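Peer 1: Chain by chain, the residues:
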Amino acid sequence: MDAMVQPMTATATQTETETETETVKIRSRDVHVFYGDNEAIKGVDLDIKEKQVTALIGPSGCGKSTFLRCINRMNDTIDVCRVTGKIEIDGQDIYQPDVNVVDLRADVGMVFQKPNPFPKSIFENVAYGPRIHGLAKNKNDMAGIVEKSLKRAGLWEEVKDRLDEPGTGLSGGQQQRLCIARAIAVSPSVILMDEPCSALDPIATAIVEELIDELRQRFTIVIVTHSMQQAARVSQETAFFHLGDIVETGFTDDIFTNPKDPRTESYISGKIG
Amino acid sequence: MTEPAPQVTGSHVATTPDKKVDEARRARTARRYAAERRFEYMGLAAVMSAGAFLVILLWTIVGNAIPALTYNYVSLPINLEVDDLTQTNAIEYDFRKIVRAGLTEAVPNVSGRRETRKLRRIISSGAAIELRSEVASDPSLIGKKSDIWLPLSDTADLYLKNLMGDITRPESQRKISDSEIGWIDDLKGQGKIETRFNSIFFTHGASREPEMAGIWGAVVGSFLTLLVTLVLSVPIGVAAAIYLEEFAPKNRITDIIEININNLAAVPSIVFGLLGLSFFLAGVNLGWFTIGGFFPRSAAITGGTVLALMTLPTVIIASRASIKSVPPSIREAALGIGASKVQATFHHVLPLAMPGILTGTIIGMAGALGETAPLLLIGMVAFIVDIPGGLTEPATVLPVQIYMWADFPETAFRQKTAAAIMILLAFLICMNAFAVWLRNKFERRW
Chain A
1 MDAMVQPMTA TATQTETETE TETVKIRSRD VHVFYGDNEA IKGVDLDIKE KQVTALIGPS
61 GCGKSTFLRC INRMNDTIDV CRVTGKIEID GQDIYQPDVN VVDLRADVGM VFQKPNPFPK
121 SIFENVAYGP RIHGLAKNKN DMAGIVEKSL KRAGLWEEVK DRLDEPGTGL SGGQQQRLCI
181 ARAIAVSPSV ILMDEPCSAL DPIATAIVEE LIDELRQRFT IVIVTHSMQQ AARVSQETAF
241 FHLGDIVETG FTDDIFTNPK DPRTESYISG KIG
Chain B
1001 MTEPAPQVTG SHVATTPDKK VDEARRARTA RRYAAERRFE YMGLAAVMSA GAFLVILLWT
1061 IVGNAIPALT YNYVSLPINL EVDDLTQTNA IEYDFRKIVR AGLTEAVPNV SGRRETRKLR
1121 RIISSGAAIE LRSEVASDPS LIGKKSDIWL PLSDTADLYL KNLMGDITRP ESQRKISDSE
1181 IGWIDDLKGQ GKIETRFNSI FFTHGASREP EMAGIWGAVV GSFLTLLVTL VLSVPIGVAA
1241 AIYLEEFAPK NRITDIIEIN INNLAAVPSI VFGLLGLSFF LAGVNLGWFT IGGFFPRSAA
1301 ITGGTVLALM TLPTVIIASR ASIKSVPPSI REAALGIGAS KVQATFHHVL PLAMPGILTG
1361 TIIGMAGALG ETAPLLLIGM VAFIVDIPGG LTEPATVLPV QIYMWADFPE TAFRQKTAAA
1421 IMILLAFLIC MNAFAVWLRN KFERRW
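So the sequences go chain by chain: A and B.
Just so you know, we're using this note's numbering here: the first sequence kicks off at 1 and counts up by one.
Just so you know, we're using this note's numbering here: the second sequence kicks off at 1001 and counts up by one.
I should point out that these hints are in silico values taken from the structure, not numbers from a laboratory.
The model shown is predicted, which means the values in this text are computed figures rather than measured ones.
Check each hint, because a few of them may be wrong.
[What the hints assert, rightly or not] With the C-beta cut set under 7 Å, the calculated list includes, among others, these residues of chain B facing chain A:
(1) 1249
(2) 1333
(3) 1338
(4) 1343
[Said to hold, decoys possible] Okay, derived cross-link-like pairs now, DSBU-like style, lysine-lysine, Cα gap no bigger than 35 Å in a straight line:
(5) 1250(B) to 120(A)
(6) 1441(B) to 42(A)
(7) 160(A) to 1441(B)
(8) 1341(B) to 151(A)
(9) 51(A) to 1341(B)
(10) 120(A) to 1441(B)
(11) 42(A) to 1118(B)
(12) 148(A) to 1341(B)
All residues carry an ideal CB built from backbone N, CA and C; glycine is no exception.
Let the sequences and hints guide you as you build the complete structure.
Peer 2: Rendered as structure tokens:
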């Protein structure tokens, strides 16, 4: 297995210096994750480039969500979970003891599988993050942040007249965009998305996918998805996880048209998964 | 179930319907429906019998309690034109003589020591005290002659309420004599006896005399005790629940704590009373010094502390369950945008868990309100006439008062007991209704 992984990472590290404009935002090296005695991730090396959409694909239970949750240290909340190795964001190892998790999570936003707005008003949903981080100086400032975030999430036109209504009263797709607005309200540089469309209907999915494509201008996006088509539609780079390990990474077009590893090929052609 | 699978699928194909299979299936369906109906009837029967028991309970209590809500008063010509009574000494004046004089005037022609003593028995022994408070509240009565309403004795009252049992029995077998009956009927005929709302019952403290005994002392005692319980058990219980549920690592120690909290919830309440007795009242002697033993006996603060210990497990368990039922996605949402754990807990989890916490707390409080056994051990069963004025003063509580009254031999206390139970139940129902209201008001969906 190692033999197959090595050429990929090798080329990645070699071309790193030459990859000119595309800087690496997140760099993980030899990341292992243990749930108790069970090793869920077995030494993942992955470079995620800035202002691109990177898709993590793979069969259920392959560790892609676990890896995603390492990037903003959400795994810290699980008692039995232990992470070793190194994940750097902008060259800073986020697992160093002096790293403030609260600041890290403000910089690395997250959108979850099931839309989870707070049971508060639409305005409060978006304003909560800026408020706890002290990003707004006054009420007008806050209103501006909320409006900007909702606009960027493509939700403003639909909700501008009912910001006082509960966020839980929106439709599923709107709720998910509200969650995206909530995440970008604290101006992160990275947004992690854990199967953001799996609970949405095809129309809402299309809207969210379009949004992801727009957000790429400003944010580095890492998306976990079960849907091959979605990965192909929204991402520029793809990493294929299998049994806790990365089998193959590369440009999305290459992975889908010309997979190097037989396991990748059989997964994307529907033979495993 | 006993059918081989291919036959069942065979009937699905249904090109050649197999009669035998069809019948077997119909029989099975019928059996299933019959089982369903049986269960439904059993459930209905259970609900109906529970309802019947409730009706019997309320019927007996309310039926017994209603007579205690009213009391019979007699109008006596009271002569306050006496030399030694002045405005200043009215508060300590002995009005017994004046009441007796009024009684003799109202019922003339009573001769002989025995008969006079019988006559005195129709008026309450607390009548003089009632008269004194009447005079104290209206000093203009002094120096005048006026008709004043005074309480009858408990036997006279019971006779008028028809609760004496069979009065056709021989005189020696009943508590009220023929002459007493004659005088009472006579006074009633003259319109000098009136049934009034029993305000004594709602304003007085305990007394050995049934007609002078009231519930107010116990109500105040219960209130003060519950106040102490609430102030101690809610902050400690909720804080413990939050810590255990949100912050504590899940390891062997927290497991042991959890098991012990659950065990404590099942510990008989009298054990908490013993704890209060030996620790709060007596103190634990460690040789060179004593721990505890600084609490006053019979006081609301002691009772409230013991009840708080007893209620804590309930509050902790209810709060934990409520916190646990908040979906983890809410915590993740808050943590995901950089809220600290404390922020996520206090801004998002706690508000959502609040209705459940409040409900659990109120149910715990209702349990504490009805608790008797531990309070008996720390001296709250003492006979306390005064209405408690503070947390450290001797007090009793409603259930203990009920327990004491139920034990008294006078017939009139039977009605008092029922009325006190009714008041206790009214408080409990109010508390539970409040819990339901809170739950409905603050319940949110996500």
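Peer 1: Which earlier hints can't be squared with this structure?
Peer 2: 6 and 11
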